[in-house]
Amino acid sequence: MSEEATTHETVLIAAFEGWNDACQAATNVVRHLVKQYESHEVRHIDSEGFYDYQVARPMLCHASGRANIVWPSTTVFSITPPSGGRLYALIAPEPNYRWQEYCREVLHIAEELDVTHIITLGSMFSDCPHTRPLPLDVSDGDHQCECDREYNGPVGIPTVLGMMAGNEGLAHTSMWVSIPQYLDSDACAAGTLRLLHELDELLDADFAEGDLPKQAEHWKAKASILIRCNDQLHDYVEHLEHEYDLEEQARQEASPGAPQAEQLVRETEDFLRSIG
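Every letter in the sequence shown is one number past the one before it in the working numbering, and letter 263, counting from 1, is 801.
Restricting the straight-line Cα-Cα distance to at most 25 Å, the calculated cross-link-like pairs of lysine to any residue (SDA-like) are:
id, residue 1, residue 2
1, Lys758, Glu739
2, Lys758, Ser723
3, Lys573, Ala746
4, Lys752, Glu576
5, Lys573, His600
6, Lys760, Gln719
7, Lys760, Asp665
8, Lys760, Tyr782
Label-pair distances were calculated between CB atoms; the ranges are:
id, residue 1, residue 2, range
9, His646, Asp749, 33 to 41 Å
10, Glu579, Glu747, 18 to 26 Å
11, Pro692, Glu579, 26 to 34 Å
12, Glu781, Asp749, 28 to 36 Å
13, Leu784, Val580, 42 to 50 Å
14, Ala601, Glu781, 46 to 54 Å
15, Lys758, Glu579, 29 to 37 Å
Calculated from the structure, these hints are not laboratory results.
Keep in mind it's a predicted model, so treat the numbers as computed, not measured.
Beta carbons are placed, not taken as given, at the ideal position from N, Cα and C, and that holds for glycine.
Turn these sequences into a full structure, and let the hints guide you.
Have a look at this one:
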């Protein structure tokens with residue numbers, strides 16, 4: 539993103555716990571930014587009417603000798619990034635009810651904060667190996683990622699919010715990182731780091747990584763130990779690695795600038811000159 543675009547855009551990053559947040563990779567991006575930089579809460583959306591409390595249960599919390607009930611809620615933070623500018627981040631459990639009304643409330647907050655660009659984050663379980671860079675799909679109003687072009691099926695609140703934002707004339711970017719489905723317990727710092735790097739590239743924000751690289755290496759080491767202790771899982775991961783490498787090779791060969799692509803362009807130009 540250019541310096542001019544960064545200067546004039548006010549960005550809202552949104553991540554939701556639950557179905558859209560495999561191994562907390564997406565919501566931990568927001569937690570990381572809030573932890574790393576000066577931040578404060580600027581808006582809330584009350585939980586009443588949006589949540590099934592038997593699914594998203596309120597929590598009992600003791601503080602200063604008193605017991606308090608903490609209800610599931612939506613919180614919007616104002617964050618001061620190192621590059622300056624205006625950045626907001628939303629974190630919430632995915633609502634159970636009244637999604638369209640909920641998204642209208644989010645978009646109303648975005649309007650109050652003069653937000654011009656909404657970025658939704660998600661993480662999903664997929665057949666991918668932990669030994670390779672975790673796949674990342676990014677789409678915006680002009681360019682759809684491969685999964686958006688081909689996918690037909692259930693969607694989560696990030697997709698609904700993004701489409702409603704687009705209908706309101708806001709710029710919207712969707713980022714989804716894939717998490718190995720055979721590692722479905724611990725938080726995946728590698729996925730969080732992958733999303734953070736993509737955000738950094740998009741916003742040119744120079745975000746601090748903190749201890750995420752160390753956590754990501756620990757996650758990868760634990761996964762490798764698990765694989766070594768399970769022959770069947772070891773064979774499965776080797777199969778995923780083979781499929782990943784083949785797809786990556788195909789992408790590189792088909793990408794602009796690849797030798798095969800350049801040769802095709804030259805042959806096409808020669809042909810056009812011969813009939814000109």
